[in-house]
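Visitor: Work out the full structure, taking the sequences as your base and the hints as a guide.
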Amino acid sequence: MSRADAARLGVTPESPGVVAGGCVTGEGKRQIDSWIGLFESFAIGNEIIRNPRIRFADLWQYTTYTQTGSRLPARFAGQPDMLLGADFLRAHRVLIARSQRKMYFTHAGGAVFPIKPSKGCGEK
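In this text, residue positions in the sequence shown follow the numbering used here: the first is 38, and each later residue adds one.
Keep in mind that the hints were calculated from the coordinates and are not lab data.
Cβ atoms here follow ideal geometry from the backbone N, Cα and C, with glycine treated the same way.
Possibly wrong hints are sitting among the right ones.
Pairwise CB distance ranges (calculated) [what the hints assert, rightly or not]:
{"no.": "1", "residue 1": "51", "residue 2": "80", "range": "38 to 48 Å"}
{"no.": "2", "residue 1": "111", "residue 2": "146", "range": "21 to 31 Å"}
{"no.": "3", "residue 1": "111", "residue 2": "143", "range": "14 to 24 Å"}
{"no.": "4", "residue 1": "109", "residue 2": "53", "range": "37 to 47 Å"}
{"no.": "5", "residue 1": "109", "residue 2": "144", "range": "42 to 52 Å"}
{"no.": "6", "residue 1": "103", "residue 2": "132", "range": "23 to 33 Å"}
{"no.": "7", "residue 1": "143", "residue 2": "109", "range": "45 to 55 Å"}
{"no.": "8", "residue 1": "49", "residue 2": "117", "range": "36 to 46 Å"}
{"no.": "9", "residue 1": "109", "residue 2": "67", "range": "11 to 21 Å"}
Under the rule of at most 25 Å between Cα atoms (straight-line distance), these lysine to any residue pairs were calculated in the SDA-like manner [unchecked claim]:
{"no.": "10", "residue 1": "139", "residue 2": "86"}
{"no.": "11", "residue 1": "156", "residue 2": "114"}
{"no.": "12", "residue 1": "156", "residue 2": "90"}
Guide: Structure representation (structure tokens):
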């Protein structure tokens, strides 16, 4: 989840119960710090997960481009606020119907967001 979206939901790195999620590779050239926070619920389709611990970070921090004739890097607009990772997909059976532009899924068992705290990018 993006750090901005987590903050909009009231969860920041300074919130009670939030722990370091470790140094992860984002959608850019460099690694970024992530955190793990407790959220009230997560809903997608008809599935609702209560009290999930979800990793959040500034996902798009280093994804910039420089327009022709400019030297100022700009961020790409329209990036998603959340990405479904392998942890979510492992816990579900998934069918992607491209002709319908839909994704169907059902819970197959196991933890949906199995997250282990880890050290940040600047820690050893």
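Visitor: Does each hint fit the structure? Answer for all of them.
Guide: Verification of the supplied hints:
| no. | hint | in the structure |
| --- | --- | --- |
| 1 | 51 / 80: 38 to 48 Å | violated, 26 Å |
| 2 | 111 / 146: 21 to 31 Å | violated, 44 Å |
| 3 | 111 / 143: 14 to 24 Å | violated, 40 Å |
| 4 | 109 / 53: 37 to 47 Å | holds, 38 Å |
| 5 | 109 / 144: 42 to 52 Å | holds, 46 Å |
| 6 | 103 / 132: 23 to 33 Å | violated, 40 Å |
| 7 | 143 / 109: 45 to 55 Å | holds, 46 Å |
| 8 | 49 / 117: 36 to 46 Å | violated, 20 Å |
| 9 | 109 / 67: 11 to 21 Å | holds, 19 Å |
| 10 | 139 / 86 | holds, 21 Å |
| 11 | 156 / 114 | violated, 30 Å |
| 12 | 156 / 90 | holds, 17 Å |
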